[in-house]
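Engineer: The lines below spell out each chain.
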Amino acid sequence: MRGEASAAIRLARSVDAQIRREAARSYPNEGCGALLGPTQGVVSETLALPNEEQANPRTRFTVSPRDYLAAEESADSRGLRLLGFWHSHPDHPARPSGTDRAYAWPGLLTLVIAVERGEPREITAWDTPGSDLPFRQLELAIALE
Amino acid sequence: MPVRVRIPTPLRPYADGRAEIAASGETVAGVLAALVDGSPALRSHLLGDDGRLRSFVNLYLNGEDVRSRAGLETSLSDGDVLAIVPAIAGGADRPGTGVSPPHTAGDLSKEEIARYSRHLIMPEVTIEGQRRLKRSSVLLVGAGGLGSPAALYLTAAGVGRVGIVDFDVVDESNLQRQILHDTSWVGRPKLESAKARLSGLNPHVRIETHAAALTRENALEVMKDYDVVVDGTDNFETRYLTNDACYLLKKPNVYGSIFRFEGQASVFWPDRGPCYRCLYPEPPPPGLVPSCAEGGVLGILPGVVGGIQATETIKILLGIGEPLVGRLLLYDALAMSFDELKLRRDPSCPLCGSAPTITELQDYTTFCGTGRGEEAGPVEEITAGELKRRLDHGESLELIDVREPHEWAICRIAGARLMPLGTLAERLHEFDSSRTYVLHCKSGARSAKAVGVLRGAGFRRLLNLRGGVLAWAREVDPSLPTY
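Those protein sequences? They're chains C and F, same order as listed.
Counting in my numbering, the first sequence runs from 180 upward without gaps.
Counting in my numbering, the second sequence runs from 215 upward without gaps.
Simulated from the structure, these hints should not be mistaken for lab results.
Don't take each hint at face value.
[What the hints assert, rightly or not] Cβ-Cβ distance ranges computed for the label pairs, FRET-style:
1. C:311 <-> F:623: 44 to 50 Å
2. C:193 <-> F:463: 55 to 61 Å
3. C:311 <-> F:328: 19 to 25 Å
[What the hints assert, rightly or not] Here are some chain F residues pointing at chain C (derived, C-beta under 10 Å):
4. 223
5. 302
6. 305
7. 405
Computed from a prediction, not measured in an experiment: that's the story for all the values here.
Glycine residues also receive a C-beta, built at the ideal position from the N, C-alpha and C atoms.
Using the sequences provided together with the hints, build the complete structure.
Structural biologist: Dropping the structure here:
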């Protein structure tokens, strides 16, 4: 779905900072949020969302359908796109898990941030070219606004 | 009714980029049908082969989950907004799952070569065999006891595509043997749990999920694109259906079955050996052979039998060794012994014999007799609360518990009489047609069969306790231990 030109993801510095802050704040639970931007591959803002996972919030995250709709509405109403979602892996590497893969939607970006003992670490970006195909890692660039 | 359908961002490419589409229908199902009619590319992203809504997709009507209304049958009014909402979730699960470079057909990446090195150094496999596995596909019918170890080993071994058909959700009582699922998935669809676990185990394998019960309508379509079918079913209807569909499609059917401490396995390979019908021309009468849910099963047993099924599957795909064709392997865990029976093709087999009468899929419900009770009208049910009220009013109801004595020893409803299902047919003389009987078991399935047995003998005043003693313990007497 995605052309070669957009295989790198540009993350605004303010978004990078906000994801790090939210991920640290959610620790030891997983934190999550929506990624919005003007066009595919350009993330200009994030909306932090509550992790609705009840049973295992330290190893899982769930975005409620209502929060999904609100994020999409927020993007649509301002001419932006809902590009995907980020979530944190507390004390785990920033590599997508089997559950991440199972829930991945082609066309939606997955950003994973590792949080080590409360400290935000590496952020990685992933997408899948088809619903039954594995994740592929995308280059991530932090951009000044 | 004209309603507005909200299309979520990831599905807009399949709807000409539109965020909203107007569609008409009396119910949610009707609107979905109209929607995929107008935008056919959306169909496979929303609906399974059987027309049911895919897992990972939610529907919200005016901001409310349709599951909390009447599901797909929820009726619509003018101007309603129906939102399609993709399930967004994930999480770390556990550490250290690798990720593959893009999928390349049949060739192995450096990562895969490292992963499969213990295969590659065996002369019976080699890199050629491993490539062959990667080009292969296997369909598992059921993600339960047998499907769990089979799916795990086939995925770990590097079969290119692993498909799973299942429609069930993970129940706590599955975890004793269905090692594909862990505690955190209780209450969620088995397919989602399986996909998460298998994708984490081996990201190089394509995991394909079919959220449906296998039926005569969808079986050929679901199976046709796979090389081998692994039968991990727990009921006769699906077992005969799997057998017949495999024969019609000429695909090897790797069969396994388990009960209590004993297991069986064989390979039914069309034109090379007998089929399941040669072995068992007819199913046993309904209710005679208890299922694992009724009779129990040693949790490790499916590990052995499912492991044998995975082994046979890999041998078939690699074309090595002696497949279990024409042989029925019998395993007894208590004696710890394996036995083998020779199976011959039955020339009079209606499916694979010399003059076949079965040339298309059948009505398996009728064939297995499981629908007999329904033909005589639905089984009349009573809830635990209603039963309590009627007993408290002094109504004369006879409570018959059709479970086994060891279950009876765990818990029972006061005043009930124990008559295990298997003994009913011989104890019909103990029943009085002028009295009303309330039959119950653990959760209501066996007692529904018991109602069928008694109806067959002419009794009419029969009620089935909905949800069995579990419902009684939940709603009426929480002090009762459950199992």
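Engineer: Give a verdict on every hint.
Structural biologist: Hints versus structure:
1. For the hinted restraint 44 to 50 Å between residue 311 of chain C and residue 623 of chain F, the CB-CB distance of approximately 48 Å keeps it satisfied.
2. Distance hint for residue 193 of chain C and residue 463 of chain F: a CB-CB separation of about 57 Å, consistent with the stated range 55 to 61 Å.
3. In this structure the supplied range 19 to 25 Å holds for residue 311 of chain C paired with residue 328 of chain F, their Cβ-Cβ distance being about 23 Å.
4. A least Cβ separation of about 4 Å between residue 223 of chain F and chain C falls short of the 10 Å threshold, and the interface hint therefore holds.
5. A hinted interface residue such as residue 302 of chain F counts as satisfied when its beta carbon comes closer than 10 Å to some beta carbon of chain C; here the least separation is about 4 Å, so the hint holds.
6. Taking 10 Å as the C-beta contact cut-off toward chain C, the hint placing residue 305 of chain F at the interface holds, the least distance being around 4 Å.
7. Interface restraint check: residue 405 of chain F against chain C, minimum CB-CB distance 9 Å, threshold 10 Å, status holds.
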